[in-house]
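Participant: Go by the hints and put chains E and R onto chain L.
Listed below, chain by chain, are the residues.
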Amino acid sequence: MESRGLRIALRIWVALVLLFLFVPIAAIVLYSFNRSNIETWPISSFSLHWFTVAWHDSQVRSAFLLSVRVGLLATAVALLLGSAVAYALHQFRFFGREAISLLLVLPLALPGIITGIALNSFFSFTGIQLGTLTIVVGHTTFCIVVVFNNLIARLRRLPGSLAEASMDLGARGWQTLRFVTLPMASTALISGALLAFALSFDEVIVTVFTAGAQNTLPLWIFGAIRLGQQLPEVNAVVSVVILLTIIPVVIAARVAGASAITRSARNVPVSRSRT
Amino acid sequence: MMTTPTRSFARRMTIALGLAAASIIAAGCGSSGSSSQPTGASAAGQTVPTANLPVLQKIGKGEGQLNLIAWEGYLGPIWVKPFEQQTGCQVNAKYAGSSDEMVSLMKNGGGGQYDMVSSSGDADLRILYGGDARPVNINLIPSWKDFFPAFQSPPFNTINGVHYGVSLQWGPNVLMYNKKDFPAPPASWNVIYNPKYKGQVTVPDNPIQIADAALYLETHNAALKITDPYELTQPQFQAAVSLLAGQRPLIEKYWALASQEIFDFKNGNAVVGAGWPYQVSTLKASHFPIGDAIPSEGATGWADTWMLAAKAPHPNCAYMWMRYISTPKVQAEQAVNYGETPDNKLACGYMNQLQAGSCAEYHANAPLSYFNSVKLWKTPIATCDNGKPDCVPYAGWVSAWNTQVK
Amino acid sequence: MAWARVSAALWRRPWARATILLTPPLAWFVLLYLAALVVLLITAFWQINPFTTNIERVWSLNNLTTIFSSSAYRGIILRTVGMAAAVTLVDAIVAFPFAYYMARVASSRTRTMLFVAILLPLWASYLAKVYSWLLIFTHNGFLDWGLGRIGLGQPRLIYTNWAVFVVFCYLWLPFMIIPVYAALERIPASQIEASQDLGARTWRTTRLVMLPLALPGIVAGSIFTFSLTLGDYITPLLVGGTSANFMGNIIYTNIGIANNVPFAAAMALIPIAIMAVYLLGARALGAFEAV
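Protein chains in written order, with my numbering: chain L, 1 to 275; chain E, 1 to 406; chain R, 1 to 291.
Calculated directly from the structure, the hints in this document are not laboratory data.
None of these values were measured; they are calculated from a predicted model.
Backbone N, C-alpha and C fix where the C-beta goes; we use that ideal spot for every residue, glycine too.
Among the hints, a few may not be true.
[As the list claims (entries may be wrong)] Here are a few chain R residues that sit away from chain E, every Cβ distance over 12 Å (derived from the structure):
1) ALA106
2) GLY146
3) LEU147
4) ARG204
5) VAL209
6) LEU213
7) ARG283
[To be verified] Here are the computed lysine to any residue pairs in the SDA-like style, where the Cα-Cα straight-line distance is at most 20 Å:
8) E:LYS61 to E:LYS145
9) E:LYS107 to R:THR160
10) E:LYS406 to R:LEU78
11) E:LYS107 to R:ALA44
12) E:LYS198 to R:ASN140
13) E:LYS284 to L:ILE43
14) E:LYS406 to E:TYR193
15) E:LYS311 to L:THR132
16) E:LYS198 to R:THR160
17) E:LYS311 to L:ILE128
18) E:LYS284 to E:SER358
19) E:LYS284 to L:SER45
20) E:LYS145 to E:GLY349
21) E:LYS107 to R:ASN54
22) E:LYS329 to E:ASN372
If we strip away everything but chain L, and leave its shape as in the complex, we get:
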């Protein structure tokens, strides 16, 4: 449909946007090789020094492990609770359905600082001590929303006819869920879980208010930024994290990504369009 000129213009635009997105990332990686501990432009000397420093830093290791632990916990709970509420909202009609939908948008629609200070006041009000558990509570709240959003978007696009057919063939509610609905929704669950983990891993604003004396990786990074004496170490750590995540993100994109969504959407017979 689009003219050749338009296609070329769009390609240039896409290239520029990609450049915009990746120049700072390239800067992060570049500065991890900066020998000096104060960052300036241009870089005076390069070295791998900071990678070895990061490797031997026990604070980095414990912060990284805590972030992973919190992320896994939050994502796991979010998967359970998020899919439960997505399924319930999709299946049943009842008064208050809209209100619950709105309630579930709040953690993402309200700025993170509000969630943070609300939880902080609540914990001090009820005497709950800040610690790993409170960090997980803060993260799980928005992770549930992410999983819910992904899942309900997919559930809405699934034709009800398939589940009904399964019932007609004698499957019970639980079996239909397990053999028909869940497999079709699985890619949404995977992408929801991935996005939830990513958001939890990089979360700093809510975590500042819900953490005790321990550091997640973003909190450690913030402390290092305050100190200003080991900034390239931060870059080294972040570069390694980016590297570690390229592989799962690529795999997930192939499994649950763009093409899979479009393919599944086109194959399933929908009442409108092609017929």
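Facilitator: For chains E and R alone, kept in the frame of chain L given last:
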């Protein structure tokens, strides 16, 4: 597979939600919970809520962890690593950039999370009277006997003979300047108020900076009759705030994190400003031509204490830390690396071993006159030194800083 | 078997199934999240002891009147909303052609690669990304150096609101691209073909057919960009200068530094109110069907 509307279910849900909300609001209106102090603004006449808590009699086995709230640069690996190896107490650092942050983090006795805080004089009394600090058995800290008399039981960490921590080090807020732009050290603080350096000045993002302006006016506007930069009557206060408001166009960035000032000097975003010796030491270590000075008007400063949190979860490690950080060698290491003055008399020799001439450079053996020339941070309260309630309390400083200066 | 009986009993009572499914997540939300928000809202009407900064449960409207009567605070609110609106607008404009290309022009393989490309920045630490913008914007930094070499002069953007604006646009761009892409990708090809059969060329089809159909996606993305900008304090703290005083900064300094929780809570009421209005508008525009 869509079901028909289920009204009874809906009704049940609504009732449940309503009850939950109502009970929360009822709890909020109830009594007790977070403690509230009487609205007296004066420190005198108040008692420290934790004064009668029992002190540790003997240092037991270390708990393996120690959570410290500290100024950036107070937990250098050079002296922290040997401590961790000797005692097995793993140090977890939480950096705070202002006294206010420290008071906030220490709320609720440290929240059961933090063991100690390296608070300055202007935070100490607030922490003490808020019931967030715990009495310390000073006899368990042998090096205390070698402290300068002025820092053994100073009024900001010892009330009625009860110690709530051990004094640490003290130092000035210095004038920092780029030696390339200032071949000779500036003689007066007026360089940071000079429009010639528009866009190249940087000062801390901290309401206590108003005291620096007041100190400047003490010399340059004698009509105001300022004697104590922390006890300011309304006209004196307003003059200081106006001076700072006038300085605002000269400033590109108020630094909130120590690293911001380091970055700005190194990258040429600022050439002159007010800062801590930590920034100076870090820039010097990276071979940057940074200079620091205390101009003729004098300087504000701070005297820090390692204060023990009321709900410290690792008291044995905390005492081991206090014992360690007050020894002459460690005092010297911190003093030389940060750029401040140790409280232990015996540190001087060690300082010169680490860096020749550092004992004199950081005034570790200086006479009382130097000590008196630095106006140490203290919390501004409504009652002036003369007993009259004319002075502006700290809450007014915060408000003015956020609305009139910034 | 007993399980079959339970299953059958549950099938006949849909409300029981709904209750089992809904109770845990709702309990979480109501008892933790909503309760926390309610506590915060109540705190906005209390005061603190000025010396010890402990909360005193004295009901008063002081905090709100202070905010609305002070021109400094009013200015801060306007500046924050203005910045959020500007970031949302620019991100929508930048995202649309990108999402259009991804949804309708790119091959399947290219689409997957582009998807990975916009997800990857989300995995790089937010703080590290903001800090590298500092290095790009600083005097004689990457931007000054680059523009200087091609003769465009040195903008010296660091510590200005322009820097804050660019960094916000950068940070939230993926959050705008993804929903817009999802909305565009869902438009059936038949509708485009029909529009062309009726004589409309590309621009008219885009304007009259695609844009309205993509609008829910744009609005959904704008919820993210708007609310993320509204409450952010770290970017203005790191990259902003003396005029980078936003609502998030006031809330943060009041709770984390001045320990004036009631005032911070009162200030927090404003973004809550703004987002409530925004969400109602977004719902009217169909955003919640799209995401």
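Participant: Would you mind marking each hint as holding or not holding in the structure?
Facilitator: Hint by hint, here is what the structure shows:
no.	hint	verdict
1	ALA106	holds (37 Å)
2	GLY146	holds (16 Å)
3	LEU147	holds (17 Å)
4	ARG204	holds (39 Å)
5	VAL209	holds (31 Å)
6	LEU213	holds (26 Å)
7	ARG283	holds (20 Å)
8	E:LYS61 to E:LYS145	violated (24 Å)
9	E:LYS107 to R:THR160	violated (35 Å)
10	E:LYS406 to R:LEU78	holds (16 Å)
11	E:LYS107 to R:ALA44	holds (19 Å)
12	E:LYS198 to R:ASN140	holds (18 Å)
13	E:LYS284 to L:ILE43	holds (18 Å)
14	E:LYS406 to E:TYR193	holds (15 Å)
15	E:LYS311 to L:THR132	holds (18 Å)
16	E:LYS198 to R:THR160	holds (15 Å)
17	E:LYS311 to L:ILE128	holds (14 Å)
18	E:LYS284 to E:SER358	holds (14 Å)
19	E:LYS284 to L:SER45	holds (18 Å)
20	E:LYS145 to E:GLY349	holds (17 Å)
21	E:LYS107 to R:ASN54	holds (9 Å)
22	E:LYS329 to E:ASN372	violated (26 Å)
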